[in-house]
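Asks: Those protein sequences? They're chains A and B, same order as listed.
Its first residue numbered 3, the first sequence is counted upward by one per residue in the working numbering.
Its first residue numbered 3, the second sequence is counted upward by one per residue in the working numbering.
Everything labelled a hint here was simulated from the structure, so no lab data went into it.
For glycine and all other residues, C-beta sits at the position ideal for the given N, C-alpha and C.
Any given hint could be a false lead.
[As the list claims (entries may be wrong)] Label-pair restraints from in silico Cβ distances:
id, chain 1, residue 1, chain 2, residue 2, range
1, B, Lys-192, A, Ile-223, 26 to 34 Å
2, A, Gln-120, B, Ala-186, 38 to 46 Å
3, A, Asp-238, B, Val-107, 46 to 54 Å
4, A, Asn-136, B, Asn-136, 49 to 57 Å
5, A, Asn-136, B, Tyr-103, 46 to 54 Å
6, B, Thr-292, A, Glu-279, 29 to 37 Å
[Stated by the list, open to error] Once the Cα atoms are required to be at most 27 Å apart in a straight line, the calculated DSS-like pairs of lysine-lysine come out as:
id, chain 1, residue 1, chain 2, residue 2
7, A, Lys-192, A, Lys-229
8, B, Lys-229, B, Lys-63
9, B, Lys-117, B, Lys-203
10, A, Lys-229, B, Lys-285
11, A, Lys-221, B, Lys-243
12, B, Lys-221, A, Lys-229
13, A, Lys-243, A, Lys-203
14, A, Lys-192, A, Lys-182
15, B, Lys-27, B, Lys-203
16, B, Lys-229, A, Lys-221
17, B, Lys-229, A, Lys-285
18, B, Lys-243, A, Lys-285
19, A, Lys-243, B, Lys-63
20, A, Lys-229, A, Lys-63
21, B, Lys-192, A, Lys-221
22, A, Lys-117, A, Lys-203
23, B, Lys-285, A, Lys-243
24, A, Lys-192, B, Lys-192
25, B, Lys-63, A, Lys-229
26, B, Lys-243, A, Lys-229
27, B, Lys-117, A, Lys-243
28, B, Lys-117, B, Lys-63
29, B, Lys-229, A, Lys-243
Protein chains: 2
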Amino acid sequence: MASTPSCWKNICFHRLLTSKLLVMKVAIQGELGAFSHEAANHMVPGCTIVPCARSRNVFDKIEQGAVHAAVIPIENSLAGSIAEHLDLLVACDVFIHREFYQRIVHNLIAAPGVKMNQVSRVFSHPVALEQCRNFFRRYHHVEAVPFYDTAGSVKHVIEQSLRNAAAIAGRQAAAVYRGKILKAGIEDDKRNFTRFFLINKRQRIGGRANKTSIAFQVKNIPGSLFKALSVFALRDISLTKIESRPMRGRPWEYVFYVDLLRGDDEAARNALHHLGEVAEFVKILGVYPTA
Amino acid sequence: MASTPSCWKNICFHRLLTSKLLVMKVAIQGELGAFSHEAANHMVPGCTIVPCARSRNVFDKIEQGAVHAAVIPIENSLAGSIAEHLDLLVACDVFIHREFYQRIVHNLIAAPGVKMNQVSRVFSHPVALEQCRNFFRRYHHVEAVPFYDTAGSVKHVIEQSLRNAAAIAGRQAAAVYRGKILKAGIEDDKRNFTRFFLINKRQRIGGRANKTSIAFQVKNIPGSLFKALSVFALRDISLTKIESRPMRGRPWEYVFYVDLLRGDDEAARNALHHLGEVAEFVKILGVYPTA
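Turn these sequences into a full structure, and let the hints guide you.
Replies: Written as structure tokens, this is what we have:
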């Protein structure tokens, strides 16, 4: 962050993105058709999705250069932060390029030709089933069957040509596996949003960047967090997120995750330089435009 | 917190707990044998568990006086905070009485008489299956089958007398459903701890209380969180947790969850009084002994 971003790199990156020859490969955790797939389509239109079984694999693929980027969920308005992804952002050599808020819409999806009155079992991830309780209350003869993954449950229902079953997943899963949406928007709470990050191996700070995500650690003494936050308060820099996470295997030591409403300007650079004086370590996770 | 706890109430509560006539009814979210059941056994030995399908039901039961207390998970060292429970602690009329850290140990459990070499399918909650990947790598012919609940998967395997299946859950689930532990401690990462709260309708501050959990909201202006935290820093009060959560339906407004390493002493009372001056609202979630 302290050094000015290389103009050359930015132009180069822009050319890669706009070139008709290059299709961006974007890794996601989960099956094709997952909510991360929907988010990736919004963030990198026309990209090729590379599904990975585990989050760790997604980060490995970026570090190894096997994909151009990845799209990962970082927090959900109902369920909170995805701690594993916060931890991986600190541990791995990656940078946030953009953020995106996606409304989570659950749909009832079945094989083509299947009618609602034929459905007696509905497959999905336990969290999705839980978020559609009103549906199961209304159709109380329908059994909720837990499955590994939302998109995976659609794949299962379609590939097995099940005539008495359906699955709950996002719209993208219906498109990928050629399922039919029997009912759209069956989630109980419409205020269900997930924040996604587009991450990349290379640090890049675009001209419109006005938000910065950082992680830092301070000494375990009274007032140390206060002193760390003073570097922002003294410069009237607003924070939009703060979260402490215990460090693995080091009880009573914490990493703090903070989002600032500032890009790569002088006040932010000074604040981060100042933070470097009072913190044990600071990592800039990304400088990007507010969604 | 500002008022001195009533001695009468404390003695009364203690008598209730030690009385041979009263068996404490403790609500948990999930099936009998869940990790919350194990935690409740540690926190309230000899209690009667009241299983509830949803977290909201657990809090309702306390508010209605249908149970004496509840034991709820609040954060896990690998997965982070349970946002729904943080939100419910603020929304409901309940107080934290104690905290407890439980090591999460996953066990392979089958019906009595079933041998390891007979097992071809293993049921459990997707998170538990994910935390035992090394087991599935070693026994690669064994299929991982997602289920609603860890303890529920043991109940299923035993009640159906499955001879070619097992389930992954805590030790308590084996005890409740009379299953046999085929392999103990099959989780990949031993640094897997969950922090539980014992919550109650009545506010109670014991003599050994040296930790306070609070939630507060500040105005959405630069430096407001800093000003709020200054009330603790000025009095050398250590914080062990801080987390911001967006307020439902109110974009850009946040509730902060903070744990202080202080009980009901003069400095803490002054700090919380001071916080009341600078914050929009403050709620004391509990004052209790550090685990």
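Asks: For each hint given before, does the structure comply? Return the numbers of the non-compliant ones in rising order.
Replies: 4, 5, 7, 8, 9, 19, 20, 22, 24, 25, 27 and 28
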